[in-house]
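Chemist: Chain residues, written in single-letter form:
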Amino acid sequence: MFNSYVSNTLKYNPELCINCGMCSTVCPHGVFSPDRKVAQLVNPKACMECGACQLNCPTKAIKVDSGVGCASAMMRAAVKGQKEVTCGCEGSCS
Amino acid sequence: MKGSCCSSPGCGSKPILTLSGKADPVIKSTSGELTFANRLDHLMARLGVKREQHLIEPGLYALGRPTKESPVFVSANYTLSFDALRSALHGNDCYILVLDTKGINVWCAAGKGTFGTDELVHRIEAVGLNDIVSHRTLIVPQLGATGVDAREVRTRSGFKVEFGPVRTADLPEYLKTHQATEEMRRVRFTLSDRIVLIPVEMKNFLIPVLVASIIFALLGNYTAATAAIAAAFSGLVLFPILLPWIPTTDFSTKGFLIGGLMALPFALNACYGMTDETLWLRSGWAVAYMLAMPPISAFLGLNFTGSSTFTSVTGVKREIFTYMPKIAWMFGIGIILVIVLTSMRILGGI
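Protein chains in written order, with the numbering used here: chain A, 1 to 94; chain B, 1 to 350.
Cut-off 25 Å, straight-line C-alpha distance, at most; resulting in silico cross-link-like pairs (DMTMM-like, lysine to aspartate or glutamate):
1. B:K68 / B:E152
2. A:K45 / B:E183
3. A:K80 / B:E52
4. B:K317 / A:D65
5. B:K50 / B:E33
6. A:K11 / A:D65
7. A:K37 / B:E182
8. A:K45 / B:E182
9. B:K160 / A:D35
10. B:K160 / B:E173
11. A:K37 / B:E162
12. A:K11 / A:D35
13. B:K203 / B:E52
14. A:K11 / B:E152
The hints are simulated quantities; they were obtained by calculation from the structure and are not laboratory data.
Sequences and hints are given; from them, build the entire structure.
Modeler: Now the structure itself:
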C-alpha cells in the first residue's frame with residue numbers, strides 16, 4: 001500500500017516490434033533496451049507515462065495512457081470539472 | 001523537467017522580446033554568449049516573476065556564420081530553453097529553429113502538444129527551411145519526443161528528426177558522433193535540479209503560511225506561529241532537498257514522515273515545556289501539532305509530483321485517492337483542536 005507506482009498503463013507487444021530502436025532512444029527512464037531481435041521491456045516500473053515511445057513506435061507495439069503526472073493539475077481539473085488535465089508549468093518544469 | 005505545470009502563460013498579446021535588434025524577417029541572429037540581461041531574466045524565471053514573459057520570438061535563428069550544410073537544432077521559445085541551447089552551442093555555426101511553445105519549456109510543451117509535430121512542420125514551412133539548408137536533418141531534444149512524431153514530420157516536411165541528448169550540456173560531446181550514450185538519454189533529478197525549484201514552490205504558498213503565522217502571533221501563541229512556518233518549511237524546502245533519501249516511494253508518505261519529524265519537537269515541547277498548564281491541555285496541544293503539521297508537508301509533497309521528473313499519471317492518481325482523504329481529515333481535526341485550545345486559552349485568560 002506504500003507504493004503507488006508499482007504498476008502503470010504501459011503495454012508492450014513484442015510480436016509487433018520491428019526493432020527500430022526508437023523506444024530506447026526516446027525513453028528518458030531506460031524502460032526499454034535495444035536487443036538483437038526485438039526491444040526488451042527492461043524496467044516497466046520506471047515508466048512515467050510520458051507517451052514518447054507510443055507516439056514514435058512505427059508499428060503501434062507500445063500502448064500507454066499518457067498524461068501529466070502532476071497532483072495539483074489533476075486536483076485543479078477535478079475541482080473545476082474539466083475532463084482534460086492540462087499542465088502550464090508554474091515554474092518547476094524547465 | 002516536467003512540472004507543477006499550470007496557468008497557461010504566454011499569449012500572443014504579450015510583448016515579444018527579440019535577442020537581436022536586427023529586423024530580419026526570415027533569419028534572426030543570435031550568439032552563444034549569455035549577457036547579464038539574460039542571466040537576470042533566468043533568475044526572474046526561476047523566482048517565478050512574470051512567468052509568462054520569459055519568451056522569445058519563434059522562428060529561425062543563425063548562430064555564428066551558418067552555411068547551407070550547417071546543422072539545425074530545434075528549441076522552445078522559453079528563454080531558459082533557448083539560452084541553454086545557444087550557450088551550449090557557443091563556437092558552433094548552426095541554425096536554431098524556435099517553435100512557438102507559448103513560453104513553455106520543451107518537455108512540458110511536448111506534453112501539451114505545443115512542442116509537437118504540427119508546430120514543427122508549420123515552422124519549417126513558415127521560415128522556408130527547405131531553401132536555407134541543403135540537408136534534411138533536424139536535431140530535436142529527446143524530451144521533445146513526447147510531442148514530436150519523427151516519422152510524421154518526415155512524411156509531411158521531408159526532414160528527418162534526430163533526437164539529441166536530454167541535456168544541452170551533452171551536445172558538444174553528442175555532436176562528435178551523433179550518438180547519445182545511455183547516460184545522455186536519461187533524465188535526472190539531482191539535488192541542484194530540486195533546489196532551483198524551491199523558490200517557485202515557496203512563492204505559491206508563502207502568503208497563506210504567513211497569514212496563519214501572523215494570526216497565531218497576534219493571539220500570543222508564538223509556538224504555534226513558529227509551527228506554521230516549520231510545517232511549510234518541511235514541505236517546501238526540506239522535502240525537495242531530502243526527496244531521494246526519505247524512505248517510502250510515495251510522495252505523500254514521504255511528506256507525512258518529514259512533517260511528523262518536524263512536529264515532534266513541538267509536541268514534546270507541549271508535553272514537557274508547558275509546565276504551568278494542566279496535563280490534558282498539554283497533551284491536547286501535543287496531539288494538535290502531531291495532527292495538523294504532517295498533513296501540510298504531505299500535501300506539499302504530493303504537489304511536488306508535478307515538479308518531479310519521474311511520477312506517472314497512474315501513480316499520482318492513486319496517491320491522490322489514497323492519501324488526500326487522510327490529509328484532509330488529519331488536518332481538519334488538528335485545526336479544530338488548535339482552534340478549541342486557542343479559544344480556551346483566550347477565554348481562560350480573561
